[in-house]
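One letter stands for each residue in the lines below.
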Amino acid sequence: METVFDRPHALSDVVTNFCPGCTHGIITRLVAEVLDELGMEGKAVGVAPVGCSVMAYNFYECDMQEAAHGRAPAVATGIKRVHPENLVFTYQGDGDLAAIGTAETVHAAARSENITIIFVNNAIYGMTGGQMAPTSLVGQVTQTTPYGRKVEDQGYPIRMSEMLSTLEGSAYIERVAVDSVPNIRKAKAAIKKAFQCQLDKKGFSLVEVLSTCPTNWGKSPEEALDWLRENMMPQYPLGVYCDKLSKEGE
Amino acid sequence: MEKKVLMKGNEALAEAAMRSGCRHFFGYPITPQTELAAYMAKQMPKRGGTFLQAESEVAAINMVYGAAGAGARVMTSSSSPGISLKQEGISYIAGADLPCVIINIVRGGPGLGGIQPAQSDYFQATKGGGHGDYRLLVYAPSSVQEMADLVGVAFDKADTYRMPAMIMGDGMLGQMMEPVSFKEPIAPEDLPQKEWATCGTGMKRKKNIINSLYLTPDELEELNDARLKRYETILKDEVLFEEYQTEDAELIFVAYGTIARIVMSSVNTLREQGIKAGLIRPITLWPFPSEIINQRADSAKMFLTVEMSQGQMVEDVRLAVNGKKPVYFYGRNGGMVPEQEAIVEEAKKYLQK
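Chains as they are written, first to last, in our numbering: chain A, 1 to 250; chain B, 1 to 353.
Simulated from the structure, these hints should not be mistaken for laboratory data.
Small disclaimer: the values here were computed from a predicted structure and weren't measured.
The beta carbon of each residue, even a glycine, is placed where N, CA and C say it ideally should be.
A hint or two may mislead.
Capping the alpha-carbon separation at 25 Å, the derived lysine-lysine pairs in DSS-like fashion look like this [as the list claims (entries may be wrong)]:
1. B/Lys348 x A/Lys201
2. A/Lys192 x B/Lys325
3. B/Lys276 x B/Lys348
Distance windows between CB atoms, simulated [unchecked claim]:
4. A/Glu168 x B/Ser56: 18 to 28 Å
5. A/Met233 x B/Leu215: 26 to 36 Å
6. B/Lys4 x A/Pro84: 49 to 59 Å
7. B/Val5 x A/Tyr156: 55 to 65 Å
8. B/Pro326 x A/Gln143: 48 to 58 Å
9. A/Arg7 x B/Ala226: 55 to 65 Å
10. A/Glu223 x B/Phe123: 52 to 62 Å
11. B/Gln53 x A/Thr102: 10 to 20 Å
12. A/His9 x B/Gln310: 57 to 67 Å
13. A/Gln143 x B/Leu215: 15 to 25 Å
14. A/Asp13 x B/Leu240: 33 to 43 Å
Looking at chain A on its own, in the form it has when it is part of the complex (with noise of 0.2 Å):
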């Protein structure tokens, strides 16, 4: 018989620590996806910071560092600085990347740091039990915020790839979605052009994944991928905000 489908061998064959329904699961599986396609798991460095993927150094088969909260960039440029040859990519939370380690990733990406960010947004922290995230919604109950994020108190949601993307030293920008078939091909075709970013020396890329925390929105898996559909869509638009790839083949 024909094998169909398996485990990417980039994959580690290991219970993970994600909640049922959740998408990270996916967003997991498609990086070592993408690391198989590109052959580049031999070469690959991965990061794992604190939150939802701070155990994600044991899923992949690729070297692997574990990071402070938000400093995965800052790690991430000392071993690009030292092996440049190397895949470099970070695996972050919206807590761990646009709270705590802000300025770790805008100034990653001002250097034009040739590393990949895998940009996980839930809009909540997952790992901690469900607290406000900077990029919690208005009037999203969460644990810190039991009456709503309200504007007066805790201000706006962050857009961090229309942040990012001004910057002149990032080189490709995407945001994507995990909640159905078609998005899920084309946030790993997002992954892989991304890696291919950093493989031709463009500098810094990053791709944001709209993405599910069923047990802390209090929602069933299918209800969470509506939820993500119906609000976090209108307010993170999915598209490419930066390509310099394609702007220099066109």
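Given chain A, put chain B in place with the hints provided.
Just chain B now, kept in the frame of chain A:
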């Protein structure tokens, strides 16, 4: 050894680091260590290395973490408030068993403090600083030549024990010029191999993981205890100190860094006046030279610790003396430097008691 050149302490640290095989430096501007970064910025590109001015001390130390985990000899430098910011990263570096060298050119504190020399970061350097059970190798040079020499030692020992090493100088040492000679540069192929580093598996070996997270308590304890074993070896094998006229001394000073040089002059003055004084100068602050201090406590009548702080190392001196003899303290802080005459007077005060 090459011929001597006149150099600032901060520059000597940078030159010695590059000769020790350091090709990656990550820093953030702060007085009074600026010459170090400036020298690196000028020299690293010429020698095929990386100088990177980070967006913060926090980012810089995490770049050090990444580069150290990738197997490089890597350095960062800062001064007191900046070193405070680096503590999170230093704890992670220690927890992940990564070697690196951190320079602290100490200035007066707390808070923003001042920019004049001080030794008030002793507790931070030797008693943790960041969270968790961990140690740093802490070297305290007292001259520009010793700064240069200890950089090589720090890189070697950091690699040997897979842990961060700190060189703690004060603003005076960083800024002053003295003649210094350097060792021949180490060839890259002579640097220690790091089979644990993350540089890609090449599909030839199992993956390497750089990490300090262990959610199973017995696993974490086991790793911490293995590290403790290494620390115990260091306490036995890596203590460095200098003794000056201690054999017959009634009063033994304990002082490190620049202050030890001033104290040495005070010892000479006291000896000229017929008073038997001596000096023990710790060169490693951790591991602390407790054994020699305890031994000398059998013959000396008293100890006087002199520091540019309100009294930090004196606690370790008391632990070392362990009640055998009285241990006194004299210090200035906030950027003030104890003067030779004042130290002499202080010693006489206790001798007359």
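Structure-based check of all given hints:
Proximity of B/Lys348 to A/Lys201 is assessed by CA-CA distance (about 69 Å); at most 25 Å being required, the pair is judged violated. For the proposed pair A/Lys192 and B/Lys325, the alpha carbon gap of about 70 Å is over 25 Å, so the pair is violated. Note on B/Lys276 and B/Lys348: the hinted pairing holds, with a Cα-Cα distance of about 11 Å set against a maximum of 25 Å. Separation of A/Glu168 from B/Ser56 is about 21 Å and conforms to the stated range, judged on CB atoms against 18 to 28 Å.
Distance hint check: the CB atoms of A/Met233 and B/Leu215 are about 35 Å apart, consistent with the given range 26 to 36 Å. Roughly 37 Å separates the CB atoms of B/Lys4 and A/Pro84, a value that falls outside the hinted 49 to 59 Å. Between B/Val5 and A/Tyr156 the CB atoms are about 57 Å apart, so this pair conforms to the stated range of 55 to 65 Å. Roughly 56 Å separates the CB atoms of B/Pro326 and A/Gln143, a value that falls within the hinted 48 to 58 Å.
Taken as a hint, the range 55 to 65 Å is violated for the pair A/Arg7 and B/Ala226, whose Cβ atoms sit roughly 33 Å apart. Between A/Glu223 and B/Phe123 the Cβ separation comes to about 53 Å, which falls inside the hinted range of 52 to 62 Å. Our hint of 10 to 20 Å for B/Gln53 and A/Thr102 holds, since their Cβ atoms are close to 19 Å apart. Between A/His9 and B/Gln310 the Cβ separation comes to about 60 Å, which falls inside the hinted range of 57 to 67 Å.
Range check, A/Gln143 to B/Leu215: about 22 Å between beta-carbon atoms, so the 15 to 25 Å window is met. A hinted range of 33 to 43 Å is violated for the C-beta pair A/Asp13 and B/Leu240, which are about 49 Å apart.
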